[in-house]
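Generate the whole structure from the sequences, applying the supplied hints.
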Amino acid sequence: MKGKITKVTGSLVVAENMQDAKMFDMVKVSSKGLVGEILELRDSNASIQVYESTNGLCVGDDVENTGHPLSMELGPGLLGNVFDGIGRSLLSLYEDFGNRILAGAGTSSLNHQKKWQFVATKNVGDEVSFGDEIGYVQETEIIKTKILVPFGVSGKILSIKSGEFLVDDIVAKIKTLDGTKTVSMCQKWPIRKPRPVKQKLPVNSSLLTGQRIIDTLFPIAKGGVAAVPGPFGSGKTVVQHQLAKWSDADVVVYVGCGERGNEMTDVLKEFPTLVDPKTQKSLMQKTILIANTSDMPVAAREASIYTGITIAEFFRDMGYSVVIMADSTSRWAEALREMSGRLEEMPGEEGYPAYLSNRLASFYERAGNALLFGKDKKIGSITAIGAVSPQGGDLSEPVTQATLKIVKVFWGLSSKLAYKRHFPAIDWMISYSSYSNVLDKWFNENIVFNFSEMKNFVTKTLQQEAEILDIVSLVGFDVLSTFDKIVLDVAEIIRDDFLHQNAFDEVDTFSSIQKQAKMLKNVFDYASFAQKAVDNGFSYEEIVSVPSKKSLAKMKFVSEKELEKLDKIAEDLRTDFVLMLQKEVIA
Amino acid sequence: MIEYFKNIKEVVGPIMVVENVKGAKSGELVKIVQKDGTFRNGQVLEVEQDKAVVQLFEPSQELQKSTSKVQFLGKCLEVGVSQDMLGRFFDGMGRTVDGDAPIIPAKFLDANSSPINPVAREYPSEFIQTGISAIDGLNTVVRGQKLPIFSVNGLSHSNLAAQIVRQAKVLGKNEQFAVVFCALGITKDDADFFIQDFTKTGAINKTVCFLNLASDPSVERISAPRIALTVAEYLAFDCDMHVLVVMTDMTNYAESLREISSARKEIPGRRGYPGYLYTDLASLYERAGRIRGKEGSITLIPILTMPDDDKTHPVPDLTGYITEGQIILSRELFKKGIKPPIDVLSSLSRLKDKGIGEGKTTIYHADLLNQLFSAYARGKNAKDLSTILGESAISPMDKIYAKFADSFETRFVSQGENENRTIEQTLNIGWKLLKVFPKSELKRIKDKNLEILMAEN
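Quick note, the sequences are listed as chains V and H, same order. Under our numbering, the letters of the first sequence match residues 271 to 857, in that order. Under our numbering, the letters of the second sequence match residues -16 to 440, in that order.
Keep in mind that the hints were calculated from the coordinates and are not lab data.
Under the rule of at most 35 Å between Cα atoms (straight-line distance), these lysine-lysine pairs were calculated in the DSBU-like manner:
1) H:LYS58 - V:LYS302
2) H:LYS(-11) - V:LYS302
3) V:LYS539 - H:LYS90
4) H:LYS319 - H:LYS152
5) V:LYS277 - H:LYS18
6) V:LYS298 - V:LYS384
7) H:LYS422 - V:LYS686
8) H:LYS14 - V:LYS302
9) V:LYS458 - V:LYS384
10) H:LYS429 - V:LYS791
11) V:LYS690 - H:LYS418
12) H:LYS52 - V:LYS277
13) H:LYS34 - V:LYS277
14) V:LYS730 - H:LYS429
15) V:LYS835 - H:LYS431
16) H:LYS343 - V:LYS785
17) H:LYS58 - V:LYS274
Part of the chain H face toward chain V, derived, beta carbon under 10 Å:
18) VAL27
19) SER97
20) GLU105
21) LYS129
22) GLU249
23) ARG270
24) GLY272
25) ASP336
26) PHE356
27) LEU368
28) ILE371
29) LEU372
30) LYS422
31) ASP430
Backbone N, C-alpha and C define an ideal beta-carbon position, used for all residues, glycine too.
Next up, the structure:
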C-alpha cells in the first residue's frame, strides 16, 4: 500500500496512509524516487526527512516504503571512490548525469558490473564462524578487501572458489544449522546501526600523524577520539587534510560535511599524486571520501557522518586501523537543528534539539579499539577526528561543549596564531590530550627513552613564556633576568622552529617521529647548555649569538633521507657551548 | 484553461496563505493576478493538504485579499538569459529598467540551479593579478575563487571593488570577460559610483547590472542574487566567458531573509537570523567556481558590511565559513590614511597556495609572503608594546620590527586608486622592505630562495 503526501516544507515531507511503516524505514518519495527516511510516526502519518531537493513535490504524490532502513552497500569498490551523504557514488553520478547532481538520480554505491578477482583463503569443508575471513580481493596495491563470514552465520563451507566475480555473485556457500547460506562480496548495512564487535579494548598505541605539535605535545591514540574546533580561517580543514594525508592509518575515511565543493575537488585531485610515507604508494589507494558539500540538500548532511562511520567499521572489521575525519560536525548539528525546527520540536540551547549531545556521543562511541569476531582474534581500530566550527569562534556554544564532553583530545585552533601565520594554529595554551598518560610510556619505549621528559620541558617552557610575557607587557624586556630572557629565547625556538610547520612545503609537510625526536633533542640540548651558561655568568647576548644556534631554524627543512644532518647540529651545538664554557674556566 | 484560486486566506508581510488549492507543488512559481489585471510573482514555500504558503517576490502593498486570484505556474523561478544582457540594466526580478526593449532570451534556466558534483569541479589555480599589492602579494586571488570583502560602514570598499574589477587580469592571456554586478539594498549613490566607474573604463558594455536599491522592495533581494548568478552561469559555462560577479551588500540580503523567516514564525537562530542562513548563503556562494571541460569561470566577490564592526556577527561569520578566504578592511588603517585599508593579517586567501609559485608568479613568492606576514605581525606586536612601555623598553631587534611595520603599511599596503602594480613590482617592494633585517631573522625564507633574492636585487 502506498502512502500519499499531505505536507511539504523544506526537506520535510508528511505522508498519510503509512500505518505499516517502521521508524527509520527508507522510503521512495514521488515518481522521481527521492530517497527519504521516516523520523516520526503519528497515527497513520509519517514525517519523512528527504535527502534530495523537494522542489516540485505536490500533495497527493506517492510515497513508497521499502521496509528496510537506509543502508550502505559495502564491498570491493569503496577505496578511492567518492560518495555523497547517502552513499551514492559521485564518480558514477558524474559519468551518468554530468556536471550537476539532479534529484532522483539512482542510489547505487558499488559498481555492480565490475568483476573483481576473488582469492579464497578457506577450503571446502572448513568450519567457519561469523567474522572469519574466507577470502579477499586485492582492491588496491596496499589494501586487501577481506571477505568475511556475514554476521550471524557459522557452519561448514560447502563450496568456495577463487576467480573473477561481480560483487553480487555468490562466492561461497555455508551449511549452517538453519540451512545453507550464500556469501557474496557485497553486503548492505543500516548506517545508523553500529557494526558489532566482540569486545572494546583500551587504547595502547599512538596514531602518528607527521605533525609535530600533535605527535609531540597532544598525541592521539589509535582508536581515540579528537576534536578540532576553530573560527574560520584558522586552518581546521588544513589540519584535517594533513591528518588524512600523513597519519599512519591503514584506511582513511574523509567526510566533507556541509563544506566547500572546491575542498573536495582539492582532495580528489591532490591525493592520487601524493605518496603515502608508510607504503610508498598513492594516498588515494587507501582513501574513501564522503562529500556532502554545502550546496547539497541539508538532510543528506545529517546522514553523511553515519555513512562515513559505517564504511570505517567495515574496514575495521577486517582488522585495519581506520581514521575517520568529519569536517565539520557543526554543519551536521545545524542539519539536525533544521530538521528539528521543521518537526516543531521544542528547541534546546540556541535552537539545537535537546538530543544533540546524545547523537554526537553515539557517533563518537562508534570509534575505538576493538577485538573482532572470528577465530584469528583480529584487532581493529577506528580513530575519529571531528572538526567543529563554532559561530564567531565562541567555544561556549552548544556543539563545541557537547563535543568536549566526549572527546579525549582537544586541538583548539586560535585566530590569534592564524593571523601571525603560525600554522598549524593549534593553541598550546588551551589544547590537551588525555591519552598522554598511556602514550608517554609508548613513546619512551618505542621512540626514545626520554621522550616524555623532553615533551614536559616543552610544555613547561611555553607555560613560563606566557607568564614572563605578562611581565614584559608591564615592565619591558630589558629588566628581565638573564634566566627569563633565555626562557623567552628557547620558547621562541620551540614555537618558530619546532611547532610551526608549513603544510605546503614539500619537506616540512611531514615529519617522521624519528625526525621529531631528533629536532626535539637539539632544542632540549640548546636549552640545557644555555641554562648552564647562564649559571656560569654568561650574558644573554653572548649565549644567543652562539653560531650553531642559527641551524636550529633550518631543522624542519632537513629531508627524511638526511636525518644525520640533525645529529650534526647536535654536535655543533655541543662543540660551541663546550668552547664557550671552557673560556670561562680559563678566564 | 488557466486555473485560478481565489481563496487567499491571509497576507502577512511577504507571506501569503492560499486555501482550497489543488496540485500546488513545493517550490513552484506563483502569479497573483489583481483586479486591474496587473500581477505579482511569488513562490510556494510549503504545501499542506489544500493549503499553500507562498512567499511574494514583490511587496504586498495594496494587495487586495478579496479580489486577487492566484495561478500556479508549474515551474520554478526561471531566468531568460542571453548574451544581449551585457551592457543592460535590470531590477531585482530581472526586468529591464533602462527603458530599452526587453531581452529576447536565448534560453531559460532554473534560477536555483542544482549543486555541482564535486567530481565535476576543476580546482581553481590560475593567478589573477589585481594590481593591488596587499591582495596579489599576500592574499592572492585565483580564477573561480569566492573571496568576500568584509567592510565596515563608512569605508571605501566600493573603491576597492571597483579597482579590482578594473585591473583584474590573468597574465599573458587575452580572453573574453564579463562582469555581473548585483546591487542589494545599497543607496543610489553607491550604485552610481560603480556604474560611472564601469562607464569610464568601458567595462559597462561587458557588464550586466542588477539593481535593487535601498528604496526598492526588500523581498526582491531574495531573488536578485539568484537571478544574477544564473546569468553568470550562462555566460561562464555556456558562452565560455570569465565572469567576475560583484554582489553588494550581502548583509542587506541576510536581513531580507530574516524578515521572511520571522513572517513564517520560524524558530530563530543567532541574532534572529534563521537557522538555515548558512545553507542559504552557501547555495549562493557555492555557485562560483570552475567546471571540468568548460572554458569559462565564475569568480565571486561578495561585499558585506559588518554591523558594529563585529566580525563574529552571523553574516560575516557564516560567509567566512563558506568562502575561500576574506579581505578585511580596517577602520584603524583607514584613519591612518592607508588606502586601500586592507588588514592583511586577518585577511586570507585559502586558494593562494595553488595560484603562486614557479611558473605562476615566482619560485620564492610563498617564502616571501610568509616572511612578510610574520615580520609584520611581530612588528605590530612590538609597536603595541612600545606604546605601553615607551620605545626604550623594547629590544633593539623589536625596534627594527616596529619600524618595518610602519613602512610596510605606508609603502606596501598603501597605493593609489589607479596604481596598477605588476606582481614583480609588488614582490620587489616587499623584498626591499625586508632587507632591513639581518639574514638570521629571515627564517621563513629557504636558503636557496634567499640566494635567488639576493642575486636578483
